[in-house]
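Engineer: Respectively, the protein sequence lines represent chains A and B.
Residue 65 is where the first sequence starts when you use the working numbering, and the numbers rise one by one after that.
Residue 180 is where the second sequence starts when you use the working numbering, and the numbers rise one by one after that.
What the hints contain is simulated information worked out from the structure, not anything from laboratory work.
Incorrect hints may appear among the rest.
Unchecked claim - Listed next, the in silico DSSO-like pairs over lysine-lysine satisfying Cα-Cα at most 27 Å (straight line): (1) Lys315(A) - Lys71(A); (2) Lys496(B) - Lys315(A); (3) Lys493(A) - Lys246(B).
What the hints assert, rightly or not - Computed beta-carbon distance windows for the label pairs: (4) Leu385(B) - Asn502(A): 52 to 60 Å; (5) Phe209(B) - Glu457(A): 57 to 65 Å; (6) Asn485(A) - Glu500(B): 56 to 64 Å.
Backbone N, C-alpha and C define an ideal beta-carbon position, used for all residues, glycine too.
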Amino acid sequence: MFLKTFKQGGIFPKTNKFASAVATQKLPLPSLVKIPLSNHIGAPSIPLVQINEYVKVGQLIAKADGFISANVHSSVSGKVLKIDSVISNAGIEQRAIYIEVIGDEWESTIDQSRDLIKECTFTSEEIRSKITEAGIVGLGGATFPTHVKLNIPETKKATTLIINGVECEPYLTCDHRLMLEHGEEILVGVSILMNAISVEKAIIGIEINKSDAIKHLKNLSKSYKGIQIIGLKMKYPQGGEKQLIEALTNKKVPSGGLPIDIGCVVQNVATSYAVYEAVQKNKPLVERILTITGKSVQSHGNFWARIGVPLTHIVEHTGGVPSDTGKIIIGGPMMGKALNTLESVVYKGTSSLLYIPTIESVLKTSSNCIKCSKCIVDCPMGLEPYLLMSQCENSNWDDMEQNRVLDCIDCGCCDYVCPSNRPLLFHIKRGKEEVVKNIKQRNTQKK
Amino acid sequence: MIEKKIFYVSPSPHVHSGDTILSKMGTVVFALLPAYFVGIYYFGLGALVVTSVSMLSCITFEYLIQKHLLNKTPTISDGSALLTGLLLGLNLPSNIPYWMVMISALFSIGIAKMSFGGLGQNIFNPALTGRVFLLISFPAHMTVWPANLPLNMHYLDAETAATALSITKEYAVNTFEIKDLLIGHTGGSIGEISKLALLIGFFILLIRKVITWHIPISIFTTVFILSELLHLAFPHSFPTTGLFQILSGGLMLGSIYMATDYATSPMTTKGMLIYGVGIGIITVIIRHFSIYPEGISFAILLMNGVTPLLNKYIKPKRFWED
Chain A
65 MFLKTFKQGG IFPKTNKFAS AVATQKLPLP SLVKIPLSNH IGAPSIPLVQ
115 INEYVKVGQL IAKADGFISA NVHSSVSGKV LKIDSVISNA GIEQRAIYIE
165 VIGDEWESTI DQSRDLIKEC TFTSEEIRSK ITEAGIVGLG GATFPTHVKL
215 NIPETKKATT LIINGVECEP YLTCDHRLML EHGEEILVGV SILMNAISVE
265 KAIIGIEINK SDAIKHLKNL SKSYKGIQII GLKMKYPQGG EKQLIEALTN
315 KKVPSGGLPI DIGCVVQNVA TSYAVYEAVQ KNKPLVERIL TITGKSVQSH
365 GNFWARIGVP LTHIVEHTGG VPSDTGKIII GGPMMGKALN TLESVVYKGT
415 SSLLYIPTIE SVLKTSSNCI KCSKCIVDCP MGLEPYLLMS QCENSNWDDM
465 EQNRVLDCID CGCCDYVCPS NRPLLFHIKR GKEEVVKNIK QRNTQKK
Chain B
180 MIEKKIFYVS PSPHVHSGDT ILSKMGTVVF ALLPAYFVGI YYFGLGALVV
230 TSVSMLSCIT FEYLIQKHLL NKTPTISDGS ALLTGLLLGL NLPSNIPYWM
280 VMISALFSIG IAKMSFGGLG QNIFNPALTG RVFLLISFPA HMTVWPANLP
330 LNMHYLDAET AATALSITKE YAVNTFEIKD LLIGHTGGSI GEISKLALLI
380 GFFILLIRKV ITWHIPISIF TTVFILSELL HLAFPHSFPT TGLFQILSGG
430 LMLGSIYMAT DYATSPMTTK GMLIYGVGIG IITVIIRHFS IYPEGISFAI
480 LLMNGVTPLL NKYIKPKRFW ED
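Please build the complete structure, drawing on both the sequences and the hints.
Structural biologist: The following block contains the structure:
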């Protein structure tokens with residue numbers, strides 16, 4: 065059968081989706097949660113609670129600071145202890161609200177039942193404001209505030225809603241489980257999102273290794289208008305929004321552009337589910353699914369975890385860290401972050417806890433570039449990673465800008481295929497920072 | 180409580196394809212084995228001596244230069260010196276004195292590779308540079324090939340014969356059959372004689388994705404079209420057909436294994452095509468109009484010099500371009 069995919073570049077890493085057949089479970093509540101104020105891309109939220117105040121699950125505890133920011137809600141009920149620092153996944157200190165857990169009392173407005181509510185009579189503006197209120201961010205990993213994407217500038221027009229159920233990262237299974245267990249809710253969420261941006265058409269793209277999810281959603285989608293499910297060939301990084309749009313619609317986002325430039329809005333399946341809960345059940349984003357897996361893990365699993373739960377608590381209740389673990393990764397192995405300690409907590413964007421054995425963790429020494437051109441062939445954006453790296457080493461920021469370093473999507477295909485083990489992506493990311501700085505400087509000088 | 184354990188941190192990605200320089204070089208060596216065996220079968224002892232001396236000297240010189248001249252950790256374990264040595268050996272006639280092979284290996288590794296900064300930094304293909312160095316310095320030894328006798332036990336005193344290209348050039352008649360050229364029943368350098376064995380290697384390289392088709396196929400096509408046109412226009416001056424030109428001499432060994440050398444060939448597919456067509460044109464010009472019967476070595480080295488320019492100005496197809 066001919067399956068769609070994106071045309072240029074891409075790699076085929078081993079999928080290792082060990083946890084795909086394991087149903088989601090609930091985790092017991094910890095005694096303390098630390099809810100970070102920077103759960104998303106954009107400005108940190110502003111705390112609204114007082115010390116010693118009693119909060120309920122779903123209560124707004126910090127509000128968005130500006131447009132590109134998101135509300136934060138309490139994920140537990142209990143007493144606010146303090147606002148202090150927490151070590152983020154990247155190892156940086158960030159501010160978080162510490163709450164001592166007392167019982168599990170939810171806000172009375174939240175519908176905790178599991179009944180499906182299909183009917184949605186809200187106008188698109190009401191939907192958007194509900195999504196803004198609920199603090200929903202992109203749950204695919206980038207954590208970009210969802211309401212920003214749904215607020216389409218007047219000069220542009222959305223025609224297609226693209227839903228990302230690709231989950232092309234190896235090991236991760238949280239979206240797969242969600243599609244199997246909450247397919248109806250996702251489809252209602254998609255309809256709501258279609259309504260929010262006033263489009264008639266939505267396409268859900270799912271890679272073929274999740275054929276059960278494709279079949280399940282295809283069956284369900286018959287009763288929903290305008291939603292199409294498309295199975296895609298397996299290829300990394302198909303979950304990148306530019307690659308996904310090309311695979312599904314054959315349209316290409318221009319350099320430096322956004323999906324909306326070609327009439328597309330991309331949302332993740334987990335985000336659609338969160339939208340359903342926010343709009344139909346009044347439930348803000350306070351929990352998400354977390355995959356716990358790795359080659360040496362005895363029992364792989366997918367767990368519903370509240371935002372702000374310390375990782376140590378999760379590790380304790382999921383069988384501990386395997387003894388041969390050398391690296392712990394938040395997210396997938398291609399784009400995830402390696403933790404140096406377990407002091408971090410669950411963020412809105414935390415999709416997995418992945419244990420990598422020590423043998424695979426040790427950095428191999430890199431050698432000379434042999435100019436094999438594998439990095440160019442496999443770069444999904446058509447860049448020249450080998451060249452960008454050498455320009456970065458020589459601090460040639462202007463050359464890097466000319467060679468389109470800002471179009472890099474951080475997918476890591478170049479590093480993956482490099483026979484010399486060169487840290488290409490690291491240098492490209494570093495170059496991007498400098499180029500962005502230079503552009504900002506130029507713009508202020510112009511003014 | 181969980182014990183406090185410190186973990187490794189590194190930037191993403193955290194998985195790797197497992198490809199190494201050694202695995203790439205190893206695959207090329209593996210792909211060269213069929214041609215190597217045919218060479219040993221037809222040229223016997225001489226072939227074994229020349230290739231062994233060549234491989235051993237390349238590895239030794241690389242080790243000595245890195246260890247004692249550059250004070251670096253030797254990287255002979257990456258297999259690139261072995262490959263250079265094997266390619267150099269396969270590009271030489273089997274009755275060449277071993278000390279010439281050693282000089283050539285020293286030139287390949289010392290001048291063409293190490294003085295430019297080692298693996299990946301060289302501008303010109305090391306094995307070819309070594310070969311051309313010998314061709315210019317000792318033309319008498321480099322243009323006399325031993326006759327093609329199965330399991331020959333003679334080395335320096337082997338009976339000699341001319342190659343298909345040199346005969347047709349000298350007498351302007353083509354007495355060779357395509358079948359002999361395919362199997363390797365002809366004079367020539369050790370590794371170049373059997374085109375069938377070389378094509379098997381080409382498929383291995385393509386399947387293992389060590390190289391792409393662009394460079395060899397563009398060279399074949401260019402040489403075929405130009406030679407065929409010359410043959411059709413002036414059949415008396417140029418008695419050989421396009422097919423004969425592709426199947427004779429070192430063209431196939433050169434285009435599959437030497438022109439595709441990573442460091443000295445362009446990085447983008449568009450660049451590779453230009454490079455291949457360039458090699459094809461220069462080869463045809465040298466083969467048809469110069470005093471040399473063979474031109475692929477010079478053509479590749481000349482286009483090696485153009486590669487940095489192609490890399491600078493020819494960019495890959497960007498994602499957003501059609």
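Engineer: All the hints need checking, so say for each whether the structure fits it.
Structural biologist: For each hint, the structure was consulted:
A threshold of 27 Å between alpha carbons decides the hint, and for Lys315(A) with Lys71(A) the separation of about 11 Å falls inside it, so the pair holds. Of the supplied pair hints, the one linking Lys496(B) and Lys315(A) holds, its CA atoms being roughly 16 Å apart against a limit of 27 Å. This hinted pair does not check out: Lys493(A) and Lys246(B) have alpha carbons roughly 35 Å apart, beyond 27 Å. For Leu385(B) and Asn502(A), the Cβ-Cβ distance of about 42 Å falls outside the hinted range of 52 to 60 Å, so the restraint is violated.
Judged by the Cβ atoms, the range 57 to 65 Å given for Phe209(B) and Glu457(A) is violated: they are separated by roughly 34 Å. For Asn485(A) and Glu500(B), the Cβ-Cβ distance of about 30 Å falls outside the hinted range of 56 to 64 Å, so the restraint is violated.
Of the hints listed earlier, those the structure fails to meet are numbers 3, 4, 5, 6, in rising order.
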